[in-house]
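Each chain, letter by letter, is given below.
2 protein chains.
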Amino acid sequence: MAKFIEQGTRYQLDDPCIAPNSAAYLWNPKMMLHMNCRGFAVSQYMDPEPRKYAHVPNLAGQSFMQPEQPYFSHHPGRFFYLRDEQTGEMFSAPYEPMKSQLDSFAFEPGLSDIRWRIEKLGIELVITLELAADEVLELWTVQLRNLSGRARRLSLIPYFPVGYSSWMNMGGRFDAQLNAIVCSCVTPYQKVEDYFKHQHFKDLTFLTADRAPDFYEVGLQRFEGEGGLHNPSALQDGQNLANGEAHYEMPAAIMQFSYELLADESTELRLGFGPAKDESEIAALKQRFIEADPSLNRQALAQYIGEAKGVIDIDTPDAQLNDFVNHWLPRQVFYHGDSNRLTTDPQTRNYLQDAMGMVYIKPQACRVAIITALQQQAVSGEMPDGILLSDEAELKYINQVPHTDHPVWLAIVLSAYLRETNDYALLDEPLGWADSDETACVFEHVSRAMEYLCQANDERGLPYIAQGDWCDPMNMVGYQGKGVSGWLAEAISYALQLWSPICRQRQANERAERFEAHVGGLNQRINQNFWDGQWFGRGITDQGVLFGVSDDKEGRIFLNAQSWALLCGAANGEQQQAMLQAIDQQLDTPYGVMMSAPAFTAMRDDVGRVTQKWPGSAENGSVYNHAAAFYATSLYTVGESERAFEVLRKMLPDNSAEELAVRGQLPVYLPNYYRGAYYQYPRTAGRSSNLFNTGTCAWFYQLMVEQLFGLRGDEQGLRVQPQLPQGWPSASVTRQFRGASVRIDFVREGDKVSGDVGPANLVEHNRVTNGKRTPQVSSVRIEQLTEHCFRLTELKAGQHYHLICHIGSVTAVHSQAEASSL
Amino acid sequence: MAKFIEQGTRYQLDDPCIAPNSAAYLWNPKMMLHMNCRGFAVSQYMDPEPRKYAHVPNLAGQSFMQPEQPYFSHHPGRFFYLRDEQTGEMFSAPYEPMKSQLDSFAFEPGLSDIRWRIEKLGIELVITLELAADEVLELWTVQLRNLSGRARRLSLIPYFPVGYSSWMNMGGRFDAQLNAIVCSCVTPYQKVEDYFKHQHFKDLTFLTADRAPDFYEVGLQRFEGEGGLHNPSALQDGQNLANGEAHYEMPAAIMQFSYELLADESTELRLGFGPAKDESEIAALKQRFIEADPSLNRQALAQYIGEAKGVIDIDTPDAQLNDFVNHWLPRQVFYHGDSNRLTTDPQTRNYLQDAMGMVYIKPQACRVAIITALQQQAVSGEMPDGILLSDEAELKYINQVPHTDHPVWLAIVLSAYLRETNDYALLDEPLGWADSDETACVFEHVSRAMEYLCQANDERGLPYIAQGDWCDPMNMVGYQGKGVSGWLAEAISYALQLWSPICRQRQANERAERFEAHVGGLNQRINQNFWDGQWFGRGITDQGVLFGVSDDKEGRIFLNAQSWALLCGAANGEQQQAMLQAIDQQLDTPYGVMMSAPAFTAMRDDVGRVTQKWPGSAENGSVYNHAAAFYATSLYTVGESERAFEVLRKMLPDNSAEELAVRGQLPVYLPNYYRGAYYQYPRTAGRSSNLFNTGTCAWFYQLMVEQLFGLRGDEQGLRVQPQLPQGWPSASVTRQFRGASVRIDFVREGDKVSGDVGPANLVEHNRVTNGKRTPQVSSVRIEQLTEHCFRLTELKAGQHYHLICHIGSVTAVHSQAEASSL
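Which chain is which? The protein sequence lines are V and G, in order. Per the numbering used here, the first sequence starts with residue 802, numbered consecutively. Per the numbering used here, the second sequence starts with residue 802, numbered consecutively.
Derived by calculation from the structure, the hints in this document are not laboratory data. Hints may contain errors.
Pairs count within a copy or across copies, as identical chains cannot be separated in the list.
Dumping the calculated BS3-like pairs for lysine-lysine here, alpha-carbon to alpha-carbon at most 27 Å [said to hold, decoys possible]:
1. K1078 x K1003
2. K1163 x K831
3. K831 x K1197
4. K831 x K1003
Generate coordinates for the entire structure from the input sequences, incorporating the hints supplied.
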């Protein structure tokens, strides 16, 4: 059975046919690579815009990955044929292109490498892929071991397709001096100005090795022949590769290495694959990464991936969750925050939420991101649709479509940053504006963003949606300038409630009052305009039609409109119960909560492009995890922690073959969606997009820290207010907080309903300073805040604390937690 | 052996492995389809911009076909699996995807259909593809015949992949009412304005049949399974297709039809495949083309393709040439002129030369094209880079790069049009300008274009090249505003020499004199600035460097600079001999004459993008047939008719397996290039681009008519001045000319060198009027113009003339012909 191995730092899938497209990803600051269990790959590097060095076999559209990215036999990948020279028998690893039945198969993605273990014909192949820590380069190691008990003659044939790189010029040859297959192309262009822009392009793709191949082939067609990739003509009848070149022919990097292995003997081959500008760059990369001690790069990689460390280490009864939250979730959060999703113009909303994730990984990066974003703000308070990360960057694609929600995320990320770091000094940093020579401090910037949000209202006092809010493709509700967003009204209310205390902290009481007054009015208007009897509508179109309501046959209910009504306090207790019931009935599925239902099956042109997406995919009624994370946040906020945990837990596949077959993905990352349309398209419901770019991970992490374990910072210290599932008898967490380390062992006391076990039972256990255990009692102070919430203050950086906390039933805790705003 | 069959109206290739990518094409006024012998296809229709209904399996770049278009197993195509239900044996037709060895194979493209005849397992499959005459629809007929002498149970499984149509929405299902697999998608977009632009899109792709399938599958992945396209899991172990659908999964239209055939019994299946806007359009297409009598469409098709009839019918000792010139060449010329290469903004140069081809097919279409182009001319005389064919059309891609040669082609096409039609009235047509409210007659328009050409000169009096002349990618010779084109100087001189007699015909003598004076000066300046001792240089760069000269290591000699020096009369006899020798030595190859040599192997940034194309491909030193046709024109002009014919003849592959393997294409169209770089990359030299969009065909046709057979119109009548190859003892031609039909049987008289047999030997043979042979002597008059040129005048429309003409050695004719300008 599939499972986490090596203390949760590696996953193991033992069958290439259960979830054929399941995958893992590696990245470094310059590139990223998505690799599926069968050897298909999508890789991309920044130059400064995203580029590829292995291509599909036809002129491709400019894109990275698509949801549920399809693979086909000639899709880019990295493959190894193995041929027994005595019998002519052959198979390919990891599985494609021959797809032979293997004696054993293991796909084992780790935190900083991807490994396969394959056995067939008495030969074991251990294939490992790492990236160079700081270059665009794949490093492959193939260990061959003879398990057969007799001497063997073998050929190992790495086949790395390079694909159709250019209609202008493409080819490839073996360069003996570099010991590399070097494929070249000229990136196609027509305008002379592009020639100058392309000067720095890495138009070479190379495969080099630590030993000379015995034979090679660069022409794909001559390799395949009439046999095809599953049985290449060039390898039939004991033939060796013909040392062919590709001259304006589809190139592939194919080398043949001959081995004679005694019984139990093993050998190792090392390969490097990547792009380069010229031969000297290949030589330098080869020297540094193929000829040098591989442990140097591994150390650098370990150091880099070591940064992907979060603020909690958990030990709960849910082993899958532990492994994911301790290793894979912070890794995904760090990937987002450090790579900016490999774009030069991240959407403002994504950029800010990814920065929110960095609060728990590398708060300084969050600080930089906030400053970077605010420097691109207009003096009116308006935020741009995307944040430009370099001078050459420009707003592209979806960032050319006007959205109205971007300022909302400023308050959310700032609030999280301040809770975690207490770095109120950030608010005083002076920054410029995109369209003015003035400067103003961060506090002023964000306050103006909030004011901007308060102003863009129609005659009813509801915020315009323009061509989209959080939901990008909801582009035709308000494109005529009238439509408004119910969700945005709620989000503004929530954002103001996060910002207003910060105003008060700054003694900006008048501003705070204005914001609070706006919240009051807004929540009233939300109820007046959007409440549909059982749930809140999603918006009002240019034509004045309220949608996302019970009269709608499709798109009757939208999750976000409920979640944020809970978050912003617009829903009273009665409304909450009705909404939760509606969500359970209409949106909940075994694979998570759908974002809307029923999914649209035809264009609704007063709602827009979202209704044209495949029903149950992406924003059209999938289990869109980002929205589900908002929902979980709102559930924790109103004390519905059992529901909240269930929502989060469903994002993580379990290990059974049945589950993996349905999901089609491994529990090593959160995908942006699982298919929804559960009642409309049951066959595909639950299928993962296998896209790991998603705002979900920052929220999931925050909820683990601040809600599930309830370990939230404030100006005085660390609040403790756990909302652990009732089913957990105990759970431990070690929390890194402002330089201190706090371990808390939560132990549940019986089945009591009322919360009679609180901070009084807290026991200080020991303290470790500078690695030495000291017997002294710590100076930590415990303040009782509410019956189920206490605060640790006077925690000292560099010190470790251990506490045991007896908690009562979570239900009780919740009924209290409701009183304290998030 | 491969050969023309059915009186040359069909070709037969008998092996799918000799020239795997060899292909044929079909088109109608709305679409076109390029089909290779193995079943791979590229199809496109106009909507109004080019669109596809069968896609590659990944997000594709916007394009039609690439030179040497690569195919791979999942490339779009149309395939038929055949399974013996008693034995489970299976093969696929026409060849892919199973690529089984067949008992017999014939790929038989015809003028208006494409046919395969396949035999395997005792079953004959005759597969025929036609297009609907006036709709975007493929019509397939499959005849199954049981040759095995015993009763058989068979399944025929058409597999028509639909591919990755959209990341927003794609899927497919079987619609029982339509008896069709209907695949749907939403063409991806992000901006709301595009939604409105896309309203009319045909986002459905359907496969319908004249009987209900017994089973079907729409999900490609479920069809392939672990087996792959060469052995689909869904067809293994006698399974029938599972009637699956595609829900945001890669769709394919796959039907399974069961048959029981007695010995010698046969059956027929008819299928329709194409795009539609909605189900009602599918229903209508099905009714009209699948349910109705197929002969109706065949008649309409025959009528349409019947328009592709040229003005000559030839009978020479070269059977391959006869079949090509009588059937396939006029078809290709008509395709260009009638479809405008399926673009809405043809390059001005292409548009005008394609119109020149129509002079011999449908002169009225040429007239319309000239008027259309001139209406888009600026009042300055400048021509735009592309001609917009609809209100929504815009200048795209290469048409956004400024080129300086466009006016040249006006004089060339006008001159050809007037020679053929004598329609001087066209010159009086009043037309507007793109940038003025004035109107002016066609004569004035073209004269201003010529004046514009005379004016854009540098201080040496040489014409600027800007970012390209005829050679699009020669974009950096003059992008700084200084570089000049030697070729363009020659082309201007030639164009003025064509236009000046027309000025004189119009009594615009002063204009004529100005043009003639410019020619005189220009030819002198060409010699002063470009003559390199043995040949003419190609241009002078922004930095003042003459290139295309003996000092250059790459790009030493450019064919166009020589051809047009011959055409414009800049080269004297001594120069001509030197140039021809240089061409023979440096540019001639067994596959034609290369456009330049040596091909550039690295960027030369004072020449431009042409130097970055793969050496020997396209404009970088291939046998670029368009340029070769110019060269042949110039050779005929200077009396080098043997050389000229050889240049043309090399464009047409012969039937031997060796030749077809090298060329990789069939003699059913002229490709835009064959690989050159003969001395640099001998392995690939001669390989066809398999692109049939090329200005070559119009010139080739004109040369056949006006030079090889020497049947050229003038104001008085039809000149006869043949330049037949010396090796031909005789040749016949029937020439349609201004409504009359003239058959001339040329008979060579011995080996005499001097041309002593001329029009005196002309014998009027008979005359046919209205289908009745009349014994009267025709009223045709014969005027002796030079020793080897006579003119037929007083030919009457609707009459047929038959003459026998004894000719002497062609050499002799040529030495005379030199005196008469083209």
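How the hints compare with the structure:
For the identical chains of this complex, K1078 and K1003 are intra-copy neighbours only, at 4 Å inside a copy versus 43 Å across copies, given an alpha-carbon limit of 27 Å. Taking the closest pair of Cα atoms, K1163 and K831 come within 27 Å of each other only inside a single copy of the chain (19 Å); across copies the shortest separation is 59 Å, beyond that limit. Taking the shortest alpha-carbon separations for K831 and K1197, only the intra-copy value of 20 Å comes in at or below 27 Å, while the best inter-copy value is 34 Å. Proximity of K831 and K1003 under a CA criterion of 27 Å is satisfied intra-copy only: 13 Å inside one chain copy versus 41 Å between copies.
Against the hints set out earlier in the document, no violation occurs for any number.
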